[in-house]
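Trainee: Sequence:
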Amino acid sequence: MNVFSIKEEPKKPIRLTQQIYNAKTRREEPYVVMVKDEVKSYALCPACQNPTMLVNRYVEETDSNTLYAKHTGYSVPDLASHNQAAYEACPHHNPLRFDNKTRRGNLEADNEIRDALVNHTHLVIRFLEGSTGITYCDSVIESMISHFGGNKGHEYKAINMYNLPFGFGYMTESQDLFGCKVNDAIAQQINTQSKQFKVNNYAYVGRINGTKGNEIRFYFNNHKISSTPDGGDTVELFIEEVDTAAKTANRLFSKKIEFDSAFFYNTYLRQERLRLLALRYL
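Quick note on numbering: the numbering used here labels position 177 of the sequence shown as 177, and the sequence is numbered without any gaps.
Don't read these hints as lab results, they were simulated from the structure.
Careful, some of the hints might be misleading.
As the list claims (entries may be wrong) - Here are the simulated DSS-like cross-link-like pairs (lysine-lysine), alpha carbons at most 25 Å apart as the crow flies:
1) K247 / K212
2) K157 / K11
3) K181 / K157
4) K40 / K24
5) K198 / K157
6) K11 / K40
7) K256 / K157
I would like the entire structure built from these sequences, with the hints used as guidance.
Mentor: Encoded structure:
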């Protein structure tokens, strides 16, 4: 995994780099320990709070020589005790692709995903919009939420609080792009390749005068889990013009999107703290 946490804030994910780790742990026990004449570097997993060990911190231990953290599978004195049940349920332990049909079977975790979407829909949508370059109109957001609910996306083990915006997008079906706002890269592809659609000066997707019949739609596909422990997962965004009569589609745009899971989850935690503060005083 490419994140870690410390005892003072065990649930807060921190991006793992050599410099950040040294600063947060001050290179002291119980994080850095001499074990049988060998220095071991430890931290916490922010998802399950089990102890983790850093790999490739100073000594090359793998071919990639890339710094990452992995669960120890055992307790580390003065840091944390290993909890096997939490480890097995941890999203950083054997992560699944979004098309995996395994249900979580944990009502508390399912409800956490559902409540996050109910209370912070704007945050999930904002992250997805920033990653895709599309500003969704309200009707599209409503359709996406209804699809996610209809697919019971909050019950799937592959979807967790770290990848929620992208899991949410993946668990929705094809959406109508007409009337949405798009960035310059998408606009250029639509304006040069589409037969019946164009993007106006205000960046909204509209129809070329006098044309009818085709649809312009977007969807997510190809969730890939990083092949290296330090990497991020990706999904692909596809935008296509669909000829409804001929039942054919012309791809106008595609983009590979990489997750920044720690940034999303930290933002969510702060938003939730602020929400609870408002509930306390208002």
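Trainee: Take the hints in turn and mark each one as holding or not.
Mentor: Hint check:
For the proposed pair K247 and K212, the alpha carbon gap of about 15 Å is at most 25 Å, so the pair holds. A C-alpha spacing of about 19 Å is found between K157 and K11, which places the hinted pair at or below 25 Å, so the restraint holds. With a C-alpha separation of about 32 Å, the suggested pair K181 and K157 falls outside the 25 Å cut-off, and the hint is violated. Restraint check for K40 and K24: satisfied, since their Cα atoms lie roughly 16 Å apart, inside the 25 Å limit.
At most 25 Å may separate the alpha-carbon atoms for a hinted pair to count; K198 and K157 exceed this at roughly 39 Å. For the hint pairing K11 with K40, the CA-to-CA distance comes to about 22 Å; that is within 25 Å, so the pair holds. Taken as a hint, the K256 and K157 pair is honoured in the structure, with Cα atoms around 23 Å apart against an allowance of 25 Å.
When each numbered hint is compared with the structure, violations occur for hints 3, 5.
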